[in-house]
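Residue strings, one per chain:
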Amino acid sequence: NAGVMQNPRHLVRRRGQEARLRCSPMKGHSHVYWYRQLPEEGLKFMVYLQKENIIDESGMPKERFSAEFPKEGPSILRIQQVVRGDSAAYFCASSPGMGQRGDTQYFGPGTRLTVL
Amino acid sequence: GENVEQHPSTLSVQEGDSAVIKCTYSDSASNYFPWYKQELGKRPQLIIDIRSNVGEKKDQRIAVTLNKTAKHFSLHITETQPEDSAVYFCAAKGSGYSTLTFGKGTMLLVSP
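Here the protein sequences come in this chain order: A and B. For the first sequence, counting from 1, position 37 maps to 37 in the numbering used here; every step adds exactly one. For the second sequence, counting from 1, position 108 maps to 1108 in the numbering used here; every step adds exactly one.
If you're looking for bench data, these hints aren't it; they were derived computationally from the structure. Predicted, not measured: the structure shown is a model, and the values here were computed from it. Please note that a few of the clues may not be correct.
To be verified - Simulated crosslink set (DMTMM-like; lysine to aspartate or glutamate; CA at most 25 angstroms straight-line):
no. : chain 1 : residue 1 : chain 2 : residue 2
1   : B       : Lys-1022  : A       : Glu-63
2   : B       : Lys-1068  : B       : Glu-1083
3   : B       : Lys-1104  : A       : Glu-72
4   : A       : Lys-44    : B       : Glu-1039
5   : A       : Lys-62    : A       : Glu-41
6   : A       : Lys-51    : A       : Glu-40
7   : B       : Lys-1071  : A       : Glu-63
8   : A       : Lys-44    : B       : Glu-1002
9   : B       : Lys-1042  : B       : Glu-1056
10  : B       : Lys-1058  : B       : Asp-1084
11  : B       : Lys-1104  : A       : Glu-40
12  : B       : Lys-1071  : B       : Glu-1015
13  : A       : Lys-27    : B       : Glu-1083
14  : B       : Lys-1042  : B       : Glu-1083
15  : B       : Lys-1071  : B       : Glu-1005
16  : B       : Lys-1068  : B       : Glu-1015
17  : B       : Lys-1104  : A       : Asp-56
18  : A       : Lys-44    : B       : Glu-1005
19  : B       : Lys-1022  : A       : Glu-41
20  : B       : Lys-1071  : B       : Glu-1056
21  : B       : Lys-1042  : A       : Glu-52
22  : B       : Lys-1068  : B       : Glu-1039
23  : B       : Lys-1022  : B       : Asp-1049
24  : A       : Lys-62    : B       : Glu-1015
25  : A       : Lys-51    : A       : Glu-41
26  : A       : Lys-44    : B       : Asp-1027
27  : A       : Lys-44    : B       : Asp-1084
28  : B       : Lys-1022  : B       : Glu-1083
29  : B       : Lys-1057  : A       : Asp-56
30  : A       : Lys-44    : B       : Asp-1049
31  : B       : Lys-1042  : A       : Glu-63
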């Protein structure tokens, strides 16, 4: 059973470009979460999605950031017009969402975004 | 919303000693408390978790205790080894569709 997959693992963008980060949840998991981690800091929740639905986006900036989890394919976190302050590691996690272990989140390897 | 405080921010121990990391949470409705270990440049990995209907859980050298009344929970690592060196994060989650709120992390350094 493959774990949570993220790609790309490293992404370099110039200021003003767009960044697209992809996350494929573990097989059988229908809930996806995105977190941002700055160097030597904790994990900051951004957005929580189920298939075709955004459940909670309270941690995601209102401008330039968007997320989706379509019926088919991976979840995508999109950052438009990137700025240097967007440089961080972005982690995706997934959970089954149902059952006794429905709460348990498993993390992907992260995408390290560098904005030049 | 939920607020999770974690202490200490750094912890240095000698190999073989025990290490204890403590967290407090603010939302009395929180009912799930996982702990994650993150090595440098790697993903956070779940090492142990506890639910609010249990006071203590143990898995080999790792144990977690939960005091619901005081709203705090702790990670205990016994017989520490150099490979235990990492950043450890606690988290808390409420019921339903609520999400995990993480503490700021504890950098554990185990010296040989």
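Here is how each hint holds up against the structure:
Only pairs whose Cα atoms come within 25 angstroms are accepted, and B:Lys-1022 paired with A:Glu-63 is rejected, the gap being roughly 36 angstroms. About 31 angstroms separates the Cα atoms of B:Lys-1068 and B:Glu-1083, which puts this hinted pair outside 25 angstroms; it is violated. Between B:Lys-1104 and A:Glu-72 the CA atoms are separated by roughly 35 angstroms; this puts the pair beyond 25 angstroms, and the hint is violated. About 18 angstroms separates the Cα atoms of A:Lys-44 and B:Glu-1039, which keeps this hinted pair within 25 angstroms; it holds.
Of the supplied pair hints, the one linking A:Lys-62 and A:Glu-41 holds, its CA atoms being roughly 22 angstroms apart against a limit of 25 angstroms. Our distance criterion of 25 angstroms between C-alpha atoms is broken by A:Lys-51 and A:Glu-40, whose separation comes to about 32 angstroms. About 35 angstroms separates the Cα atoms of B:Lys-1071 and A:Glu-63, which puts this hinted pair outside 25 angstroms; it is violated. A hinted pair counts as satisfied when its Cα atoms are at most 25 angstroms apart, and A:Lys-44 with B:Glu-1002 qualifies at roughly 13 angstroms.
For the hint pairing B:Lys-1042 with B:Glu-1056, the CA-to-CA distance comes to about 28 angstroms; that exceeds 25 angstroms, so the pair is violated. Between B:Lys-1058 and B:Asp-1084, the direct Cα distance comes to roughly 16 angstroms. Compliance with the 25 angstroms bound is thereby established for this hinted pair. Taking the CA atoms of B:Lys-1104 and A:Glu-40, the gap is near 9 angstroms; set against the 25 angstroms cutoff, the hint holds. Under the criterion of a C-alpha separation no larger than 25 angstroms, the hint pairing B:Lys-1071 with B:Glu-1015 is inconsistent with the structure, at around 30 angstroms.
Under the criterion of a C-alpha separation no larger than 25 angstroms, the hint pairing A:Lys-27 with B:Glu-1083 is inconsistent with the structure, at around 30 angstroms. Restraint check for B:Lys-1042 and B:Glu-1083: the C-alpha separation of about 14 angstroms stays at or below 25 angstroms, so the hint holds. About 11 angstroms separates the Cα atoms of B:Lys-1071 and B:Glu-1005, which keeps this hinted pair within 25 angstroms; it holds. Among the hinted pairs, B:Lys-1068 with B:Glu-1015 is inconsistent with the structure: their alpha-carbon atoms are about 31 angstroms apart, more than 25 angstroms.
As the CA atoms of B:Lys-1104 and A:Asp-56 are separated by approximately 21 angstroms, the hinted pair is consistent with the 25 angstroms bound. Distance restraint check for A:Lys-44 and B:Glu-1005: the Cα-Cα separation of roughly 14 angstroms lies within the 25 angstroms cut-off, and the hinted pair is therefore satisfied. A hinted pair counts as satisfied when its Cα atoms are at most 25 angstroms apart, and B:Lys-1022 with A:Glu-41 qualifies at roughly 17 angstroms. Using a Cα cut-off of 25 angstroms, the hinted pair B:Lys-1071 and B:Glu-1056 holds, with the two alpha carbons roughly 14 angstroms apart.
Proposed proximity of B:Lys-1042 and A:Glu-52 is contradicted: the alpha carbons are some 29 angstroms apart, above 25 angstroms. Proximity of B:Lys-1068 to B:Glu-1039 is assessed by CA-CA distance (about 29 angstroms); at most 25 angstroms being required, the pair is judged violated. Between the alpha carbons of B:Lys-1022 and B:Asp-1049 the distance comes to roughly 14 angstroms, so the proposed pair stays at or under 25 angstroms and holds. Among the hinted pairs, A:Lys-62 with B:Glu-1015 is inconsistent with the structure: their alpha-carbon atoms are about 47 angstroms apart, more than 25 angstroms.
Only pairs whose Cα atoms come within 25 angstroms are accepted, and A:Lys-51 paired with A:Glu-41 is rejected, the gap being roughly 29 angstroms. About 18 angstroms separates the Cα atoms of A:Lys-44 and B:Asp-1027, which keeps this hinted pair within 25 angstroms; it holds. The straight-line distance between the Cα atoms of A:Lys-44 and B:Asp-1084 is roughly 24 angstroms, inside the 25 angstroms bound, and the hint therefore holds. Of the supplied pair hints, the one linking B:Lys-1022 and B:Glu-1083 holds, its CA atoms being roughly 20 angstroms apart against a limit of 25 angstroms.
A C-alpha spacing of about 30 angstroms is found between B:Lys-1057 and A:Asp-56, which places the hinted pair above 25 angstroms, so the restraint is violated. A C-alpha spacing of about 19 angstroms is found between A:Lys-44 and B:Asp-1049, which places the hinted pair at or below 25 angstroms, so the restraint holds. Proximity of B:Lys-1042 to A:Glu-63 is assessed by CA-CA distance (about 29 angstroms); at most 25 angstroms being required, the pair is judged violated.
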